[in-house]
Amino acid sequence: MARGKPKQARRPDVPPADHVARHCNPQRAIRHPVTRQVQGVWPEAFELRVNEEWLSVHWMEYFSTDIDPQFRKVVKALRKKRDVVPNSAIARLNAGLIVQAGSLRGHSLRIRDRSSTGDPGYSGIYGMPRDNSDTELLALLASECCIQVRAVRDIEAP
Amino acid sequence: MTGIQIDTSRVPLQSWTILAHSFLQTGPASPALAAVQPTPTSSLRASEAATLPWPPSLEVQLFDNATQLKVSFSQIAMHLTPEWRTAIFEQLDFLLKPEDWQEDSALIEVPTFLTFLRFLIFVAPNRLPSLGVSPNGNVLAAWLKGDERIIVKFLPEDRAIATLIRQGTRGNEAVAWRGHVVDLKLFIERFGVRDCMSDGPT
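Sequence lines, in order, name chains A and B. Residue numbers for the first sequence follow the working numbering, so the first one is 18 and each next one is one higher. Residue numbers for the second sequence follow the working numbering, so the first one is 4 and each next one is one higher.
Here chain A stands alone, though its shape is the one from the complex:
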């Protein structure tokens, strides 16, 4: 009897000191009402879509140790998969704070590395409520875990 393909070894979770990037479309970035400068992200940027099991993010330290190249390479990786318009934004979140926010709200959150050669740095936040019912958790992710938000236009500016 032929043996199946051996299971892939479980990769370690993204370390608590590291960061993940979440792409936010232009409707989910909080902008100054007049200047349009990006000021943050809406909690709704962290809602799971229907049939989505994990929240898609990119492990930033996978690409570089410096923050500027991290943002640029995340945008490059995203562009391989989808449209990324200049008015969208990238939120940088601390992995340890995400896990902490989860435990504060009674959820066991894990950030698992799902990177592949075709999708470097790709990761997922697991354990989020599937129905997006925990408003407080979404607010914590947007306000407490989010270290920095940059508009894609600024990331790619020369």
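All the given hints hold, so there is nothing to weed out.
Pairwise CB distance ranges (calculated):
#1 B:D107 / A:K93: 16 to 22 Å
#2 B:P85 / A:D83: 44 to 50 Å
#3 B:P85 / A:H49: 17 to 23 Å
#4 A:K97 / B:R181: 35 to 41 Å
#5 B:F125 / A:V51: 20 to 26 Å
Calculated directly from the structure, the hints in this document are not laboratory data. Predicted, not measured: the structure shown is a model, and the values here were computed from it. Heads up, the beta-carbon is just placed ideally off N, CA and C, and yes, glycines get one too.
Chain B: place on chain A using the hints.
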């Protein structure tokens, strides 16, 4: 009922071409007497609409959505200043830009926009909010000032979900709230973040 039968067996076989032609002149005898064109029974707009593609293009849907919201605004928000009107309209246009549209973008639900407007009129903040759209099309509004934040998701029928954040003695404190927007004003005041909606140092 039987139709007119023509016995073609006696018709000699020839390559005849039969042309239908009216010998009766229906037009005016003189070009000077131009025929009066009958008035169309349908309006030009309706006849044009019949030729529009269906479903409408994204650009048309976004334009229609923005128009609906602006008409709603003009009907209910006469209490707001022209500056507020301009700032809100510009934000709506930004949120509904065709070139920024992505697969997870959403049109804005008019009933949630009406709830937002009623909240504005009732609370009368003097700082403009930042606007956004939830994946379900709900209007989002935020007032940020230093460590204080008021973030509201407006729902139809004057309901809302809000998150309020302020600086505590040992870090940020956050509370979530849901209910009628009239009660949200009181909740904001009780939590001590009303200043977030007022002009002053940030």
